[in-house]
Each structure stands twice: as structure tokens, then as C-alpha cells.
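Now for the letters of each chain:
2 protein chains.
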Amino acid sequence: MATGDILEQVGQLIDRWQFSERAKSIQSSIIREILKDSSKSGVINLAGGLPAPELFPLDKIRQACDRVLQKYGPESLQYSLTTGVPLLKQFLANRISTIGFDFSPDAIQITNGSQQGLDIVGRVFIEPGSVVLTEEPTYLGAIQAFSFYSARFVSVRTDESGMLPDDLEMKIKEHRPVFIYLVPNFQNPSGITMSKSRREAVVALSKKHDIPIVDDNPYGELRYSGQPVPSLKVMGGQNVIQLGTFSKIISPGLRIGWIAADKEFIGMCEKMKQGLDLHTTTFSQYVVYEFAKDGALEEHIEVIKEAYGRRRDIMIDALRRYFTDGTTWTEPEGGLFLWVKLPEGISASDLLPLALKAGLAYVPGKYFFSQKPDDTTLRLNFCNATEENIVEGIKRLAAVVKAKV
Amino acid sequence: MATGDILEQVGQLIDRWQFSERAKSIQSSIIREILKDSSKSGVINLAGGLPAPELFPLDKIRQACDRVLQKYGPESLQYSLTTGVPLLKQFLANRISTIGFDFSPDAIQITNGSQQGLDIVGRVFIEPGSVVLTEEPTYLGAIQAFSFYSARFVSVRTDESGMLPDDLEMKIKEHRPVFIYLVPNFQNPSGITMSKSRREAVVALSKKHDIPIVDDNPYGELRYSGQPVPSLKVMGGQNVIQLGTFSKIISPGLRIGWIAADKEFIGMCEKMKQGLDLHTTTFSQYVVYEFAKDGALEEHIEVIKEAYGRRRDIMIDALRRYFTDGTTWTEPEGGLFLWVKLPEGISASDLLPLALKAGLAYVPGKYFFSQKPDDTTLRLNFCNATEENIVEGIKRLAAVVKAKV
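Line by line, the protein sequences are chains A and B.
Its first residue numbered 1083, the first sequence is counted upward by one per residue in the numbering used here.
Its first residue numbered 1083, the second sequence is counted upward by one per residue in the numbering used here.
Hints should not be assumed to be uniformly reliable.
Put simply, identical chains are the same to the list, so a pair is met inside one copy or across any two.
As the list claims (entries may be wrong) - List time: in silico DSSO-like cross-link candidates among lysine-lysine, alpha-carbon distance up to 27 Å: (1) Lys1290 with Lys1142; (2) Lys1153 with Lys1142; (3) Lys1375 with Lys1142; (4) Lys1278 with Lys1153; (5) Lys1106 with Lys1345; (6) Lys1122 with Lys1255; (7) Lys1448 with Lys1477.
For the record, the hints were derived by calculation from the structure and aren't laboratory data.
Pulled out of the complex, with its shape left as it was, chain A reads as follows (with noise of 0.2 Å):
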């Protein structure tokens, strides 16, 4: 776990160099080093954010290559725009605009991954010492993205709807954020998925207040059960700047994702896109195109939904069965995660070592939690295990649980 380990190593370096302030004061990933703890034989991994890799559409992947290959050629290996390539922004463009935003490519910026969307947003927005308004808990990644540019949290009170407009309201007043940011469906970590009214209160409290919202949404198509909401990008127009990705819904290693918002604020991101890296991967960009288009995609959407419901409704299952007083749990309509709470005085965090020594991982909540962390709290990913992993896993985390009560 140890998460000092490389400062401390590169404590030479430091006292011979001079590093930025920020490259001596930041920390690693708590979860890649759960991950790599984890990746142990015999240990159930619920802690990463990894889609099911079974799922893959390996040989449909193999097919697209060939065919980038064949028809774009020398072009999908070449450098590329900024923003992206031309094709798979005009897919994209077109199948946001089906959820009822009239959506031109020009505002697209395909990234890496969401993770880069997020790192483009803290460029574009933070200042040392910014407030940016989050929910409670809030994700990580993001907290890590802010964090480089020393953005200050100030974390609004969240309940099983989402956040809470007086409160929301209050801490604009307060604090001027430069953003609001938010995971409005199936969040991460916490499973919840913000209701009709409460994105609406938000909304119009953005708009009242000339204040951005950051739509951050891996998961909006992974539904399992219940009722579509609609979207905060819809809802919001210009003022709603979402994040997308393709890592849930194809796969994470071709890390394509896209930032979709008012285009000039995209004339922004490309400059900070250029500084960056230039641009996203030529031939990932194709490979997802020529992959997605035709119906291929939403085919395939289909089946990880069908898999992924199961393995929630198992997750479930067993948490029922296996956890009695005591214990709670979010029951999402969909996404990858579910949130545990412990009983009262049970640290999850002292009890991940005994988990992980019981063949368990799991991420403690406290690492989602911008401000004042709950260490009793987790996150479960229900995804990735299989099945009778997943019972087995629930079944050790009861174990260890039951050993502290």
C-alpha cells in the first residue's frame, strides 16, 4: 500500500534537483497500488475500475483493424488533428445529438480516456487556491486530476438523489466555484444516480449563477434497471460540459474519450491538447469508428448490460445473505460500483490488510472524499469477478467484517 514508498526513495533526487512543488507533494493512486497488491493469485479483485474483460469483442476488434487499415491506410498512422479525427467526431456528434441536443462535431475534443478530459478541465479552469464543488463522496480520479492544479474542494451534501440545492446554492454564494463538478449517473463510487428534479434545481442554479457543470458520464449508457433520467448535458445546454469515454462500452486500453461542450470553449481544450500530447491516438480513433458504426456498438452495449445486471443483482444477492444488522448498501441501476457502509467504529481501511490477507480487495471509501472522509464506507466493483467470484467475494468481506464486530 504504502503510498510514501517512492518519495521516500526519491529523496536523493530531491535533495540534489529542484522539483516543482506539486511533483514533491503529490500522491500516488491509491487504487493502481491496491491493484497491484491485488493482482496476487488467489485474491478476488472488487476494488478497480476494470470492465470484464470476457466481454471484449476481441475478433469485431480484430475486423476493424483490418478494415482502418485497408480503407484509411497510411492516414490512420499518420498525425492527426488536434481535436480528433474528422470521422469519429462526426459519429460522435451524431449520436449525442440522438439524446436530443442538436450537437456539431466542432464541439468534440476526443481525449484519452476520461481521465484526460479531466486533466484538460483543471487546466482550463483551476487556478491555485480555486473552489471546485463536488459531491460526497466524489471520484477519485477527479480529485487527483484537480488536486495538480491545487484546486480547493468544498464538497456539497449529497443524499441517495444527489446533491442538495439549498446546500448547492449556499456554497456558490460562498465560495464562487469555478465548477461544479458531478458523476450524475450510476457515480462512482457511490452507485447513486441523480433524479429528474434534482438536475433540474442544479441546472438552473448553474445558469442563475453563471457556473459551469462538469457532466462527468463513463456509465449514462450502462442501465440495468428503472428509469432513464434525462440528460444534464440536455438539460443544461452551454453551460454543461460532459465527458465520455468509450473505456466502459468497447474498451479502456484504446483510451478514446471526448470532452462534448460549447465549441468555443473546445478552441480552449485543443490549445491545452496541443501542449499535452498533440492528439489522441490515430489509429485507436479509427479502430473505434470503423468498430462502432452500423449498429455494432449499441449491439454490443446490449450484451455487457445483460452481464452486468446479472452480476449486480448476484452482488446483491449476497450481501443479503451473507451481511446482517449493521451494514448497508446502494442497490444502483446501473454503472460498475456499489457502496458499502460498515458499522459504526469498523474502518474499512484498517480492515483492508485482513481482506486482502482473506483473498479480498476492495477500495476504502475514505480515498473518495474530498473533504471530511467516512472511513467506514467502500466501494464494490460488481463487473469484473465472475460470477461465483463475486459470492465468494462478499462472502470473505462478511468474514472479516463479522471477525471485527
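Put chain B on the given structure of chain A with help from the hints.
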């Protein structure tokens, strides 16, 4: 051209939202703007840094894609380690070790091309106002990347053998720079290669004053004539952070580069990379590995060297034929670029609109100066155009220059 256009467009957003100072001030890359203009039909493009697309090993890349999906399956499409795919890192470590420096895979961070290497180096070292020492002229993409972190550039006097050690030491003492940035082999933009004795002197100063060297080396393997010079990395060991890339020797569109440095330093890069984009495209890394291993990369480099060497000769012949007194140019032993100095009083940037009208694109040299620009200079790429177009391009350049003299 008008790099101000984007900023003017966002006037409205800037009034309403709070952006970071850097977002408001950052300039679009002039090369990217020129490339947009030069994509018009009939324009011979000697401006960009593009390698020759007709030499891309399309068929072998297709075979590599097939093998990757067959041999590594879902792993090639899944999230992967932040520092890079172990097989590729091991391959690189072995390859770098053959040049005389014992290298471990832990001492490598895979990046999205060299540009992300520059950004990460900037992140790790630069505080607002930190001094970076550069050659004069220096690489535009580095100026752009380091400018984001508000570096202050101080250029060191440079002649046809590279940086002048006396001036370098004076500026080290005066400014206490965070690092010395060099493109020692077939420099972009000048085509100059740093001599062995200069390398020795610069490495000695780096060690004496504990100032790291950033050795940006995208072209090192593309030598067409003359004698090899020992690698800065071999000479400087731990004091040298080397940036490499497959962009010019396989394909830029796969976006695979690397940082080779001390493993403690790589630990810092890894933490930066987590927040930036988690990791570089897994699939591209496997494709590069499968293509490159077993000697195919070495064979391919020979093919490129033969073609590029011939194009260089043709461009130099054409310059000799069409230019008379007053214009000079470098005659590089490798790389992609040569550097032209027009007669005093002729501005390469004023000339550019006329050249574009006459059907030729180049990059005015002034953008490659971190301090005092010399506007009589310009950069030409001799690798990307056909042999016929190289001759025709130089003819067009000579005609617009002649009209001005």
C-alpha cells in the same frame, strides 16, 4: 494563420466563466495553424514534422494487430500499468542497453509520443518563473509545453557544434536553471548535431552543478551520413533524462514515446501520468512491440534512412541550384529538417503568405526562439514530400525570395 481567432471567439465565455490565467494566455501552435492552411490542394508542404506516410509498414502493422489480439487477447484492450506494458518496456530497456548504458525496464515511462514526455518533464520540474536553459533556436513543442508551467527561458549561445560551454556555465551560475533542454541529434529545427567534445563539456557542467539534462532524442536513429556521436544518455548516466519516440521510426499515429531516466525519477513521472490519463493506449503499445521485435524495426529503419537520405540530398542540391548569394542553409547528417537563413532584411514570416499563395508551406524560424527571434530564418522538412515536390518547392521558395531581394 491568425492565432488570435480562438481567443476572440471565447470572449463571451471568458466574460462569464472564470478561467485559469494560463488558459487565457496560451497560444495555439503556429505549426498546427500552418498545417491547416497548407492542406489546400496544390500547396507543397515542407512545414510540418510529418514523416513520409508512403513508408509506413502498413502490412506488417496489420499482421502485428492480428498477432496481438490472438496472443494477448483481452489484456491488449484492458487498462494497463501506468508506466507501460512490461513487454514493451523490457524491449526498450534491451534496445537502449545496446548503446552502452545498462538499463532496466523500471527506468522507463511510456508516454503518448515525445510531446507528453515534455509535458511530464515540465510538470515535474517547473514552478512559475523556473529557468529552463535551451539551445538557440530550440524546439517549438518544448517551448509550448514548458510555457504552460510558466517557465522562464534563457537561451544559451549555440554554433554549428551545439551549445557553447562557457556561455552555458555562465548562465547556469546566473540563473540556477531547473534543467538544460537539448535536442542533441539532428536538432529540430536547425538540423545541427552536437559534437562529442561539446557533449563531454555539457555533461561535465551538468554533473558539476547538479543540473539535469533533458535529452530530447526523436531523430537519433536517423543518420544518413557522417560518423555516429556517442549518446548523451550514455555519457551523462543518471544526470540525463532522455525522451524517445517511435513516431519517426514506425508511426506517429500510434503515439508511443518514452522517458528513459533514473528509476526514482520515473516514480515521479508515474504519479504525474496517473492524473494525466492513467496510462498510454495499451493496444498501441502491444502493436509496437509485436511489430518491432525480432528485427523488423531495424529493417524498417534502414528503409526509412535510405529514402530520407536521398530526399535530403535532393533538397540540398535544389537549394544550391536555385539560390544564389545571401541565402545559407544547414546540411544535416540526419533527421527531418534543415534550416535556412535568408538575406538580411527579409522576414520569413512576412514572406509566408506569399509563399502559400505560390503553393509552398514552411515554418518561419522565429517561432523556434525562446528569447530573441531571428526572423530571417525558416525551417524545411525534407522527408515528407516526394522528390519531385521537394525540387518544385525549393524553386517556389527561391522565386518568392528573389522577388523580395
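Now for the hints, and whether the structure bears them out:
1. Lys1290 with Lys1142: Answer is neither; intra-copy 47 Å and inter-copy 57 Å both fail.
2. Lys1153 with Lys1142: So Lys1153 and Lys1142 pass the 27 Å test inside a copy (16 Å) and across (16 Å) alike.
3. Lys1375 with Lys1142: Both, since 12 Å and 26 Å are each at most 27 Å.
4. Lys1278 with Lys1153: Neither: 44 Å inside a copy, 46 Å across copies.
5. Lys1106 with Lys1345: between (36 Å within a copy, 16 Å between copies)
6. Lys1122 with Lys1255: neither (49 Å within a copy, 50 Å between copies)
7. Lys1448 with Lys1477: Result: close within a single copy only, 22 Å intra versus 67 Å inter.
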